[in-house]
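Student: Protein sequence lines correspond, in order, to chains X and Y. The first sequence begins at 4 in the numbering used here and counts up by one. The second sequence begins at 4 in the numbering used here and counts up by one.
In short, the hints are calculated from the structure, not lab data. It is possible that some hints are incorrect.
Only pairs whose alpha carbons sit at most 27 Å apart, straight line, appear in this in silico DSSO-like list of lysine-lysine [to be verified]:
(1) Y:426 x Y:538
(2) X:535 x Y:463
(3) Y:538 x X:522
(4) Y:522 x Y:335
There are 2 protein chains.
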Amino acid sequence: MRKQILEIQKRMKEENIDAYMVMTDDFHGSEYVGDYFKCREYLSGFTGSAGRMIITADEAGLWTDGRYFIQAEAELSGSGIKLYKMGEQGVPDIMQYLSSNMLEGQTLAFDGRTVSAAATSNIEKRLSGKNIKIVYDVDLVGDIWDDRPERNCTGIWQLGIKYAGKSREEKIEELRNILKNNKSDGIIITALDEIAWLLNIRANDIDYNPVALSYLILETSEDENSYLFVNKNAVSDEIENELNKCRIFVREYDEIYDYVKVLEPGKCYMTDMSKANTMVVRNITSEVKIKNFISPVMQMKAVKNKAEMDNERISHIKDGVAVTKLIYWLKKNVNNMNITEMDVVNKLDDIRRDIDSYIEPSFATISAYGTNGAIVHYEPDEDSDKLITKDGFLLLDAGGHYLEGTTDMTRTISVGNISSEMKNHYTAVLKGNLRLADAKFMYGCRGANLDYIAREPLWKMGLDFKHGTGHGVGYLLNVHESPNSFRWKINPMQINSQDAVLEEGMITSDEPGVYIEGKYGIRLENLLMCVKDEKNYYGQFMRFDVLTMVPFDRESIDVSALNQDDRYLLNAYHSKVYETISSYMEEDEREWLKNETKEI
Amino acid sequence: MRKQILEIQKRMKEENIDAYMVMTDDFHGSEYVGDYFKCREYLSGFTGSAGRMIITADEAGLWTDGRYFIQAEAELSGSGIKLYKMGEQGVPDIMQYLSSNMLEGQTLAFDGRTVSAAATSNIEKRLSGKNIKIVYDVDLVGDIWDDRPERNCTGIWQLGIKYAGKSREEKIEELRNILKNNKSDGIIITALDEIAWLLNIRANDIDYNPVALSYLILETSEDENSYLFVNKNAVSDEIENELNKCRIFVREYDEIYDYVKVLEPGKCYMTDMSKANTMVVRNITSEVKIKNFISPVMQMKAVKNKAEMDNERISHIKDGVAVTKLIYWLKKNVNNMNITEMDVVNKLDDIRRDIDSYIEPSFATISAYGTNGAIVHYEPDEDSDKLITKDGFLLLDAGGHYLEGTTDMTRTISVGNISSEMKNHYTAVLKGNLRLADAKFMYGCRGANLDYIAREPLWKMGLDFKHGTGHGVGYLLNVHESPNSFRWKINPMQINSQDAVLEEGMITSDEPGVYIEGKYGIRLENLLMCVKDEKNYYGQFMRFDVLTMVPFDRESIDVSALNQDDRYLLNAYHSKVYETISSYMEEDEREWLKNETKEI
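Chain X extracted, bound-state conformation (with noise of 0.2 Å):
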């Protein structure tokens, strides 16, 4: 057995624990997590970004989803760790294996930062039959864990009014007047982008998350102190002193565990027990109550006002702009140079780098090449590095962050010969992508109510793909962000938290695929921006504005199978992008972007 895991369970046998559980979360349930954070990566060696274990006093199993069956048994290779292929028939769940796994009295552990309170709740429930200790503020992992690395702590930096379109003092307003209606004295926010966004702060403490690791409890009442937990290293004093002016005061980042403890007897807050991780929720205090909402912070961060949706057109146009000379110079070199995904990774790299008031990636840039397109979550590093030869597709799935907003758009690039089929597909999933965008509907319908525009194109053809349509997208913060959609799934008991009504000012993916194992993988996304249409005797009508600004591939069209109104779509959408972007192309780039959106 590996010696971090016989080291695991020589603490839990001190400890007076049957089972321990290590998840792959931070204490804020975020997307991407830092080194800090990698405990199941440093107990199991699988370098997966999914995965959770179970440590009994004999065994040790780690679970984890289809993407990862090959690099997890690789990566297991030797441990002693049992690999649970999640979804495969006779495969137990976790809470199958522990439930027929522990004995009756037994104590089952886990850091109850990791877990959300839901999620706990939830456990217990299933175990409630056995009589199961749970304990949740342990983290043995971090006992025996020397070398750890630091928690990430990068700077702190005040996004701009121009940026963020209402200042944090209107934005607390406006919280604290939901806080009233609810009749709750305060709130404990724990989601970072939640936070960031309140606060018009940014930060780099995540990949690809412009957030600070933080909490905050804001007190419903403007005479009472409220607290960000944080790094103080990581607050400058200019920004330490504006937060005070709002009282807003600075604490250090683990203090809230003891801080909770001392809430106010009497006192009502809400949280989102979703998101808020067990040991802030388990460390208040029952005289303290707790109201389980939807984060309210959710949904107004959701909704862009107007200034930011008028930045969201200008980082859209310069991401824009960035992406379709990266196609023009590989369509261009293709055929002459050697390129690999990673160079072109690395080139779009380079041309954002020049633009004013680009940040970061907002996500890992999907190069992929042939085969590698039908792998959904491919991402190119050095081992898998595919030269790019003068066939087939190159699908390439790339956002940045800007001053002016997060971008996020997928192009399915012909490198030279492709089949009859490839095209077939190609249109279909374009036929998708345009009529979604085209959607006009009655306020109150959510992305459920839409979805089967993007797939109907392809089930009508037996096809589908295997992830949503579209995702929210954050403003200079996270690139997939809650609670808008479109899923056709719908889940009555999540939906105005995953599928919410769509709202002018939302910004939501559309994104529909095809992916065909071993060969080929296409996918077309665009950002659509929802905005209001007219209002009339039967309600107010809504529609998108698509943001995103980069040609569709010409030559990976078959017309014979888009209708007139398909056409329309296509032609009114590459004439909008001629206009948009083409005075910043250089002569060569124009020349070539006319042909590619004229009239089809």
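Starting from the structure of chain X, add chain Y where the hints point.
Tutor: This is chain Y only, laid out in the frame that chain X set:
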């Protein structure tokens, strides 16, 4: 004040009742109610199909919705009853009225047989602050109503296995398995169509719903006695014997209220609180456990079996021939005969009467000419009956019950000149109808995922229709049944009972429309049967079979507004209609049909 109200107020005083509520419902929440149940009409004089009353010591109010404001004002004139126009600004709803008018400790009473148990719980919750006493076992209207009509008691007959597809024994066994899996000792069924479906019986106690007034308490154990509560006179010896073979014994209709009082303590019964009336549920002692559950019979009934599916195709051919003949007759004669809306209704009755296996209309035929077409729930009678002249649209919404199932279709028929706006609107409705019928989707989709398809052509023009796109349809049962539907609004609390996952064998109407007040109405309705399409790597695909076999109105279509896909769908449908029904037509009808359905 109207005499009946004064009598009720006198009785209220005697019984110490401060507010008395009168509903429109029968004891089963039926869509149509027999004369015996028309307490609200007796009390108020208002004859509409929706409305509730509250009587207090010095007031009487009637609440109804926008469909009935004009009618209610006229019918209530001089009665002293105040009309509360539901949905108008500043008008309190019934609960708001009670909350603000009832005093601490007062008593609210109603006939608990006419209010669902769930609704009563809701009333209690809303009034909980005021310590209001709820009395549900009085029927004050019944007390004062001297010449109250008898309850309907039509003969019960059995639906043969050829039509039902499954014996009652098979159905009961399936239901018992569900009850076992849910650890219930029995089920209390109060919905009339559920009882009729489960026992393969039909009757005529409710207008248009071929069911018998009854309740059923089925024990999970086949060794215990189950009971059907029904007017014994309606049950022949033969049927009673057959029911007894399943250990189902017949008791008088009203006996259920005493029977539930003596259910065996410790037992657990499943019932659907949103359907079971308050008196049935509250008469059960607290030693018996009641499990509130969406009725499994509703789901079983909605998923038509193979025989039902095959039969439905037959009933729709029969009804399609009848309606197509009627349309031909109308088109041929409208210019040289005086034909009124009622004449059309009567002519359809005449044609159908000759069809073997035809039983009765499945709802009151809507034959609405010109401006009447814009009134969504218009039903012609002697007073409103309008002569059909040679311009504009006749909207015909008609359905029939056959041994082979229930039909429901709407056609909008031009009887002469129509404007280009009318053509334009007709064509948009047609596109919505055709495209929804052509949907192909992954198993798991609900109506809310598909509703947009039918509305899109209208929404894009800034139009809408203020009703669902589609409702479930029973098999020789209620023409409106749950749980399947096409509606875009998602109610997460009732998604499985009102917008269930579409299963093979479910029948749902597809009926978009446009209603231009004071001008005309357009609605086009086909019934769609959900069937399986291909199953492949991506999963199980589903699609619809169009059951309805009636041509669309060729003259009303603006061909230039159809894209090539729409034209393909229209031609395919028309060619199917011709193939399927032309051999049942007379020579001149067939000639006409050939022209109506020829390729566009």
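Student: State for each hint whether it applies.
Tutor: Against the structure, the hints come out as follows:
The suggested pairing of residue 426 of chain Y with residue 538 of chain Y is violated, with an alpha-carbon distance near 40 Å, which exceeds 27 Å. The hinted pair formed by residue 535 of chain X and residue 463 of chain Y meets the criterion: a straight-line CA distance of about 13 Å does not exceed 27 Å. In summary, the hint linking residue 538 of chain Y to residue 522 of chain X is supported, as the alpha carbons are separated by about 22 Å, within the 27 Å threshold. Taking the CA atoms of residue 522 of chain Y and residue 335 of chain Y, the gap is near 24 Å; set against the 27 Å cutoff, the hint holds.
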